[in-house]
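There are 2 protein chains.
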Amino acid sequence: MSTKGEQTREKILSEARLLFKQKGFGATSINDLLNASGTTKGNLYFHFSDKEAVALEVLRREQQSFYRFLEQAFSGRSAAAGLEYFFHYALKKHHQSGFVGGCLFGNTALEASDTSPLFAGFVREVFAEWIKIFAEKMTVAQAAGQIRTDIPADHLAEMVVATIEGGIMQSRLQKSATPLQRSLETLRQVLELQVNGEQRQDDA
Amino acid sequence: MSTKGEQTREKILSEARLLFKQKGFGATSINDLLNASGTTKGNLYFHFSDKEAVALEVLRREQQSFYRFLEQAFSGRSAAAGLEYFFHYALKKHHQSGFVGGCLFGNTALEASDTSPLFAGFVREVFAEWIKIFAEKMTVAQAAGQIRTDIPADHLAEMVVATIEGGIMQSRLQKSATPLQRSLETLRQVLELQVNGEQRQDDA
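From first to last, the protein sequence lines are chains A and B.
When we follow my numbering, the leftmost residue of the first sequence carries the number 13, and every step to the right adds one.
When we follow my numbering, the leftmost residue of the second sequence carries the number 13, and every step to the right adds one.
Source of the hints: derived by calculation from the structure; they are not laboratory data.
Bear in mind that the values here come from a model prediction, so they are computed numbers and not experimental data.
One thing to keep in mind: the hints can contain errors.
Intra- or inter-copy, both count: the list cannot distinguish identical chains.
[As the list claims (entries may be wrong)] For lysine-lysine, the following PhoX-like pairs were computed, each having C-alpha atoms within a straight-line distance of at most 25 Å:
(1) K144 to K53
(2) K16 to K63
(3) K187 to K105
(4) K187 to K144
(5) K16 to K35
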């Protein structure tokens, strides 16, 4: 594929990601994609069979990027410090976007749950993986005395993911960090999260 | 207005509510509304100026119904028993719908936050009212020793609403009660919710 072709494909995908996050998949038309990416219909259909194919590639990349973020959070840190890292940078990422767009997985969950088995299955997998990793890390944190032990780690993990998604929803609705920030702060308190002496690597 | 006309209007609104909940506002066309309600374009435009007017009336009714549910939850009960009532029947209502459609306010928040100031403003108000009432009741519950007192009631209320919305999202995605049910159970535990000897009026 030519460099020009690759650039066009990348431009379509990056603009599609923004449009899907802000307007949703259903409300984004092929014309929206053409206008935003400054490409022709012929070029778009050279790279993708249809809008669904664009969305699947956008979701796949978002998934890869999210899994890398999860890995990065827990790499070379205690389980509790990894959770703290995740909380901190999740808030920061959404803050940097001005709380526009929210979480593509959460948006897709609400848009696709009752209408698109393909997209719903995709984000179900992402959430399952997220909860699984959090549950594993929380089990380790419990053994290390870094979070409360009276509630099973997988139940805590499920609640934490639900709270983060709901917090992103509220921060995006209010265009303010406060709801997500405060929900994360309350989570730290109810988890009894103890990050003992480790640096959070705060570059904020 | 004739009884026939009222019936048509009601039919349009009830079908629109289902379509907006399942597909979203953007993906629901006027033709979808006509097909689902079995009405003509002329009839629909006799009752509503456009799709947005239909959606606003659907949202207004959903708001009224939700405020009644909130009032009912706390009426004639302790603050803690009211919270328990809300948790119990929120789960039950979503269970009865087969976890199809989810929460219209949450769906609208994700769909409208970046695209429709009118709809976003509307649901912002609903969430603010919900959090305000929960915070008031939690303050009372704290004074009565029915929930933990070491975290401010308004912070707990914000987190609880975020967790419920995230829990509904996960239950809808999985078409299973488990995520919401378990998130509510974990909330009870982390809130240290004590409903002393009061009947939950469980008619499940």
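Hints and how they fare:
In this assembly of identical chains, the alpha carbons of K144 and K53 never lie at most 25 Å apart, being 41 Å within a copy and 49 Å across copies at closest. In this homomeric assembly, K16 and K63 come within 25 Å of each other (Cα to Cα) only inside a single copy, at 21 Å, whereas the closest approach across copies is 42 Å. For the homomeric pair K187 and K105, the shortest alpha-carbon distance inside one copy (14 Å) is at most 25 Å, but the shortest distance between copies (30 Å) is not. Taking identical chains as interchangeable, the C-alpha atoms of K187 and K144 lie at most 25 Å apart only when they sit on different chains, with a minimum of 19 Å there against 30 Å within one chain.
Within a single copy, K16 and K35 get their C-alpha atoms no closer than 28 Å, and across copies no closer than 37 Å, so neither meets the 25 Å cut-off.
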